[in-house]
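Just so you know, we're using my numbering here: the sequence shown kicks off at 70 and counts up by one.
Note that these hints are calculated values from the structure, not bench results.
For every residue, glycine included, the Cβ atom is placed at its ideal position computed from N, Cα and C.
Don't take every hint at face value.
What the hints assert, rightly or not - The calculated label-pair distances, taken between Cβ atoms and stated as ranges, are:
#1 E185 x Q159: 33 to 43 Å
#2 D180 x K102: 19 to 29 Å
#3 V138 x P215: 23 to 33 Å
#4 T111 x D248: 19 to 29 Å
#5 A100 x R250: 37 to 47 Å
#6 M70 x L139: 25 to 35 Å
#7 N205 x L139: 36 to 46 Å
#8 T111 x R182: 30 to 40 Å
#9 A100 x P168: 16 to 26 Å
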Amino acid sequence: MIKVKICGLSRTEDIETANFIKPDYIGFVFAKKSKRYVSFETARILKSKLNPDIKAVGVFVNEYIDNVVLSLDIIDIIQLHGNENEEYIQKLRAFTDKPIIQAFVIKNKEDVRTAEKSAADFILLDGGKGDGKTFNWKLLANIKRPYFLAGGLDTENVAEAVRYLKPYAADVSTGVETDGRKDKNKMTAFVNAVRKEN
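Turn these sequences into a full structure, and let the hints steer you where they fit.
What follows is the structure in structure tokens.
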């Protein structure tokens, strides 16, 4: 069963839609430079409205570990989307046993090999740093490790992506937005497209 993650939720109506369509994961972006940034306070309120069957992922970019630790009462999973290294992951594990996702931008086969060696619980393979760009999926032909597929997925191409690649999960943000806001219809169509391929 290929899972679905919808990232960058920031409003009550986003949570209401998620509760209705039931993706496996939703993401709160805690990187202040992101247009989808939410504060811990906002995320805490939104999480309180989230169906407990849906896991909340906190997305961080090169954040101080102390600040990541402050979010652990809100989120279920930590996502590292910067240049965090193995040492960073080991230090973080001293504070929590919550799962860690490490994101990698994939430009060549070497990037895939590097991702496969990650000490994180999960890896996420992206075309960029949250800019909604796809990458050459053929690079993943021989990958042995389960992964979250991100980067440029939308309602039009996700069915083909999951059919071709069989990732652990399909991850979307930009691809289910209209004018920079999460779009209920696109969120619903994305989840349905993945579920039909299972």
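A quick look at each hint next to the structure:
1. The beta-carbon spacing between E185 and Q159, approximately 18 Å, falls outside the hinted interval of 33 to 43 Å.
2. Checking the proposed 19 to 29 Å range against D180 and K102 shows it holds: the Cβ atoms sit about 23 Å from each other.
3. Between V138 and P215 the CB atoms are about 27 Å apart, so this pair conforms to the stated range of 23 to 33 Å.
4. The hint said 19 to 29 Å for the Cβ distance between T111 and D248, and at roughly 20 Å that hint holds.
5. The hint said 37 to 47 Å for the Cβ distance between A100 and R250, and at roughly 18 Å that hint is violated.
6. In this structure, M70 and L139 meet the distance hint of 25 to 35 Å, their C-beta atoms being roughly 33 Å apart.
7. A hinted range of 36 to 46 Å holds for the C-beta pair N205 and L139, which are about 38 Å apart.
8. In this structure the supplied range 30 to 40 Å holds for T111 paired with R182, their Cβ-Cβ distance being about 38 Å.
9. For the pair A100 and P168, the supplied restraint of 16 to 26 Å holds, since their beta-carbon distance comes to about 19 Å.
Hint check: violations occur at hints 1 and 5; the rest are consistent with the structure.
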